[in-house]
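**Q** Listed here are the chains, written in short residue letters.
There are 2 protein chains.
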Amino acid sequence: MAAEAAELAEALRLQADTVRRLKQERAGTEEVAEQVAKLLELKARLGVDDGRPRFLLKTPKGTRDYGPKQMAIRERVFSTIISCFKRHGAEVIDTPVFELKETLTGKYGEDSKLIYDLKDQGGELLSLRYDLTVPFARYLAMNKITNIKRYHIAKVYRRDNPAMTRGRYREFYQCDFDIAGQFDPMIPDAECLKIVYEILSALQLGDFLVKVNDRRILDGMFAVCGVPDNKFRTICSSVDKLDKVMWEDVRSEIVGEKGLSTEAADCIGEYVRLHGGLDLVEELLQDPKLSQNKLAREGLADMKLLFEYLMLFGIADKISFDLSLARGLDYYTGVIYEAVLLQQQNDHVEEPATVGSVAGGGRYDGLVGMFDPKGKKVPCVGVSIGIERIFSLMEQKMEASEEKIRTTDTQVLVASAQKKLLEERLKLISELWDSGIKAEMLYKKNPKLLNQLQYCEDTGIPLVAIIGEQELKDGVVKLRDVATREEVDIRRENLVEEIKKRTCQP
Amino acid sequence: MAAEAAELAEALRLQADTVRRLKQERAGTEEVAEQVAKLLELKARLGVDDGRPRFLLKTPKGTRDYGPKQMAIRERVFSTIISCFKRHGAEVIDTPVFELKETLTGKYGEDSKLIYDLKDQGGELLSLRYDLTVPFARYLAMNKITNIKRYHIAKVYRRDNPAMTRGRYREFYQCDFDIAGQFDPMIPDAECLKIVYEILSALQLGDFLVKVNDRRILDGMFAVCGVPDNKFRTICSSVDKLDKVMWEDVRSEIVGEKGLSTEAADCIGEYVRLHGGLDLVEELLQDPKLSQNKLAREGLADMKLLFEYLMLFGIADKISFDLSLARGLDYYTGVIYEAVLLQQQNDHVEEPATVGSVAGGGRYDGLVGMFDPKGKKVPCVGVSIGIERIFSLMEQKMEASEEKIRTTDTQVLVASAQKKLLEERLKLISELWDSGIKAEMLYKKNPKLLNQLQYCEDTGIPLVAIIGEQELKDGVVKLRDVATREEVDIRRENLVEEIKKRTCQP
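So the sequence lines, in the order shown, correspond to chains A and B.
Note that the UniProt record's numbering has the first sequence beginning at 1, numbered continuously upward.
Note that the UniProt record's numbering has the second sequence beginning at 1, numbered continuously upward.
Think of the hints as simulated: they come from the structure by calculation, not from any bench.
Any given hint might turn out to be false.
The list treats identical chains as one, so a pair stands whether inside a single copy or across any two.
[Unchecked claim] Derived pair list, reagent style EDC-like, types lysine to aspartate or glutamate, alpha-carbon separation capped at 16 Å:
(1) K144 with D229
(2) K397 with E124
(3) K101 with D117
(4) K304 with E423
(5) K58 with E124
(6) K289 with E270
(7) K101 with D111
(8) K445 with D184
(9) K231 with E110
(10) K427 with E308
(11) K231 with E257
(12) K478 with D458
(13) K420 with D184
(14) K427 with E471
(15) K86 with D409
(16) K155 with D266
(17) K86 with D434
(18) K69 with E402
Could you build the full structure based on these sequences and the hints that come with them?
**A** As C-alpha cells, this is what we get:
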C-alpha cells in the first residue's frame, strides 16, 4: 500500500471515529444519568456535613469486585482452562499491566480510542494493556524469542460502554494461548481450535459453534468485489459487526459512511451469507471470481488443510467456515475464529440463535515484526478465552442449582465446651496448623458451643475438635462430625491422622 | 484533633512534600540519564528511516516481564503462601486494579504522591491501587461486611524510584491476609504473626526476625516526649526510616525540617533504641514517663497479651518488640509488625545486619469507618507478604543451585520415525489429550527423529511415543524413556495407562 493511500485510509478512519463519537454523545444518556445521580447524592449530603465521606462508595464504571463465592467459581473455571493449556504443553509468562503508550499505538485500528492512558506525571507515557497479544509480541521481539508456546491469564482494559449484566466489563480477564514459530501450515492453528473445543466441552456450557474464516479470503473477497485496497481494513471493521447487527445496517454503513459503491456492497453481501464446512471450501475454490484472486486461493487451500486436521482431531462438526466472520483487530493475517454458545432451546428452528462470543483468535504473522528493529517476523497463532461471559453463565448456573459452594477448605474447627480454655484452644490449633491441617477457631475468649457449631454449619466445616477439662485430663479430644452429630474421643496424638482420614485430604 | 490543627498538619505535610520533591529533583540523575539514552537512540535511528519502529523496546520503568522460568519460581512461592492462607481458613476476594481517585485520597499520608493516576479521558477520575488494604476496606464498607477472613494476591502500583536489583519495583505483587471483625483482643493479631512465621519458615529463606510495635505505644512515646499532637504522623514517618538510615539522620530531619525541639528529639532517641521481648514490655509498663500515658499503657497491656499468645504458638523467639518500628502508612491504629531476613553469615557479630523487609502489617481499626456513610467502624488486622524480594532471593538461589527447572508438565512427546506420518501423529496425540495426558508434538510434517528426541532433552519431557509403519500395522506404540533410552512396544489400548503409571500423575 502506498504512503498516500495509507494516509487516506487513516483520514477516513478518523472521520469514522468522529461520526461514531457524535453518535455516542447523542446516545450518552447513561453517562448523564450517572452524573445526575452523583449530583443528587452530593446535594443530599450537603445538609449533613458531619465529617463523613461525601463520595460515592463504588467501584469504577465497568468494573466489579469478586467476593468469595464468585472467586470460588472463577478458580474452578481457571483451573479447567489452565489444565487444558498445560495438557498442550504450554509454558506461562506474565507482563506488566501497562506498556509504553507507543507500544500499543497503531495495533488496534478503530478500537485504539478505547485504550486507557495513564496521566503524565513525569517520565514515560503509559497505557493499560488492551489485550495480551500485543504485549506478547513485544515480549518476543524484546527477548528475541522465535519459538514458544505459552499461556497468559491476566486482566485487560477497554474504555468500552459496558453491559455488565451480559458479562461485558471495562476490566476483564483474558486467557490466552499462543504458538509462536515458523512451522508447517495449519498444524498449530488446528491445535488452537482443538483447545477451544476442549475447554468449552469441559466447562459444560451447552452447545457451541466455532466460526472460522481467513483474512486472506476476506481480502480476496473485498478485492474481487471491487473494494479499493485502502478500504479493506475499515470495511472489515464494518463486516465484523455482523454478529450483532443485520446485513442491511452494515450495508448502509459501508455505502453511506464509508463510501463504497452499492455494487461492491452487494457483492460482499452475497459472500458473507455463506457458511458451511469442507464442501463450501471446495465450492469457493471453484468460484469464478474468488478463484482468480491469489490471496483468496491461498486462504482457501489452507482452510481445506485445516478442515482435514480438524477431522483427525474429531472436532470438525463443531466448526463452521463462515464468510461473515471478520474480527475487529488490525493485526490478523491468516485464519481467524470465534466461538459462540448456542441458545439452549427445546423448539426446533433451523438457525439456532447465538448468545455471544466466548473465545476468539487467529493468526498474526506480522505483529512481532512491527516491534523488531530489523522487522524480523515471527509467525504466531493464538486463541483467547473470554472468561467474563463464562463466569456470568457459571454464576447463573450455580445460583439456579441447589449446590452450596464452600468458600474455604477448612477441615476442622477447634472448639471448647467450657470457659477459660482459650489458651488450650490456641495450643491445639497451633499443633494442627503445624501438621498441615486446615483449622479455624472463633476469636473469642469464651465462645458458646452452640455458636461454634453454628459457624461450622454456616461455612461447611465438616469436623469440630472439642476440648474441655475432662478431655484435657484424659489426653483426648472429642471429634464431632458436623453432619451426623456423632462424637468420638480421639487420643490427642492420633488426632491429626484421624482428621486427615476423615476429610480425605493429603 | 480540632479542624484547625488538622489543617495545619496538612499544610506541614504539603511543605514536607515540597522539600522532598526538591531533593528528588536534585537527585534525579537517573531520569536524566534515561532521557539522554532515549535521545541518543532516536538520533542513531534517524539516519535509517526504513519504516522500522523508532521507539524503545522495553517495559515501563520499574516493571518487568516474567518468563517461563521466573513464572515457575513465582508459582512455587504463591502455592506455599496460598496453602498457608487456606490452612488458616481464609476466603479469597479480588478487586479492580484501579479505584476512584477519591477512594485513595487521604489514606497514605506522605506516600500519596507515589500514586499512579489515570488520564482524564472523560468520566470518573481513577487511580491505580497503591496497596490491597484500602480497596479491602472500601469493599467491606460498600458491601456492609463486618466479619471476614480473606486473602488477596494481586499487583499494586507505586511511582517510587525502583531499585530492581534489590527486588523493588513500581509494579509488584502483594499477598495480603486480613481478619476483619470485632473480636477479643490480640487473638487475630497473634494469628497474623503466626502466618508470617509459617510462610517464612516454609520458604526456607534463612533466619528471620519479626519486629513488632504498637501505634499507641509510639503515640504515647511522642506525647510524653513533648511532640505536639499535630506532628505525630509526620514524626512517625521520619522514625519509619530507621530501618534504612541512622538515628542521627532521622534526628536532624525531625529537628531541622519538622521543627521539633532537640529535647523532644533526644527523648524519642532514647526510646527508639529499645528492643526486646516480654521483659521489655514489663519494664516499660513501669517506665515513669510512659506509664503515665493512657494510650501507651493500653498498647503495652495488649503487647503483653500478644506475647503470651505467641508463646502458646511457640514462635515468640522470632518476635522482637522494637520501639523503632513505625511503619509509614497513616491508617494503622494498634499493633504493627515487619519481618526482616537476617543476613546469612559465618562470623559471629552481636547484631546481625538485616537484608530488608519481606512482610509487614498491623491493625487498622479506623479505615473501614472512613468509607462508611455513618462512620461505622470494622476493626481489622492484617499482614502483607512482600513477594518481590522473596522472588529475587529464590531466583538467585535457583540459579546458584544446579536444579533444572521444568517450565511445562508435558508427559510425552508424540513422535514418528518415518516421513508422511503427520496424520497418524495428529490422531494419536488427539487420543492422548482426550484421555487427559499432557502431550506435545513438533509442528512439522516430517520432523527428524533426532530433533524430536533433542526437544525432549531440552524441555525435560520424560517419555516419547514413537509410531512408524510397523507399529501402526502391529497396533502398538513404541514408548521410549528419554533418560534411560529404553524402548518398549505398548499395545495402543494400554498406552494411556502406561504413560500415567510411568509419570506418576493422576
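**Q** Each hint should be assessed against the structure and marked as holding or not.
**A** Evaluation of the provided hints:
1. Proximity of K144 to D229 under the C-alpha cut-off of 16 Å is found in neither arrangement, the shortest distances being 32 Å within a copy and 58 Å between copies.
2. When the C-alpha separation of K397 and E124 is checked against a cutoff of 16 Å, the pair qualifies neither within a copy, at 45 Å, nor between copies, at 33 Å.
3. Within a single copy, K101 and D117 get their C-alpha atoms as close as 7 Å, and across copies as close as 15 Å, so both meet the 16 Å cut-off.
4. For the identical chains of this complex, K304 and E423 are inter-copy neighbours only, at 14 Å across copies versus 73 Å inside a copy, given an alpha-carbon limit of 16 Å.
5. In the homo-oligomer, the alpha carbons of K58 and E124 lie at most 16 Å apart only across protomers (11 Å), although the nearest pairing inside one protomer, at 30 Å, exceeds that limit.
6. Taking identical chains as interchangeable, the C-alpha atoms of K289 and E270 lie at most 16 Å apart only when both belong to the same chain, with a minimum of 12 Å there against 91 Å between chains.
7. Within a single copy, K101 and D111 get their C-alpha atoms as close as 15 Å, which meets the 16 Å cut-off; across copies the closest is 26 Å, which misses it.
8. Proximity of K445 to D184 under the C-alpha cut-off of 16 Å is restricted to the inter-copy arrangement: shortest distance 6 Å between copies versus 69 Å within a copy.
9. Within a single copy, K231 and E110 get their C-alpha atoms as close as 13 Å, which meets the 16 Å cut-off; across copies the closest is 53 Å, which misses it.
10. Taking identical chains as interchangeable, the C-alpha atoms of K427 and E308 lie at most 16 Å apart only when they sit on different chains, with a minimum of 11 Å there against 65 Å within one chain.
11. For a Cα distance limit of 16 Å, the shortest separation of K231 from E257 inside one copy, 12 Å, qualifies, whereas the shortest one across copies, 64 Å, does not.
12. Taking the closest pair of Cα atoms, K478 and D458 never come within 16 Å of each other, the shortest separation being 21 Å inside a single copy and 54 Å across copies.
13. When the C-alpha separation of K420 and D184 is checked against a cutoff of 16 Å, the pair qualifies only between copies, where the shortest distance is 13 Å, while the shortest distance within a copy is 74 Å.
14. Proximity of K427 to E471 under the C-alpha cut-off of 16 Å is restricted to the intra-copy arrangement: shortest distance 14 Å within a copy versus 63 Å between copies.
15. In this assembly of identical chains, K86 and D409 lie within 16 Å of each other by CA distance solely across copies; the values are 7 Å between and 25 Å within a copy.
16. Taking the shortest alpha-carbon separations for K155 and D266, neither the intra-copy value of 40 Å nor the inter-copy value of 50 Å comes in at or below 16 Å.
17. Proximity of K86 and D434 under a CA criterion of 16 Å is satisfied inter-copy only: 13 Å between copies versus 32 Å inside one chain copy.
18. In the homo-oligomer, the alpha carbons of K69 and E402 lie at most 16 Å apart inside one protomer (14 Å), although the nearest pairing across protomers, at 42 Å, exceeds that limit.
Of the numbered hints given earlier, the model fails hints 1, 2, 12 and 16; all others are met.
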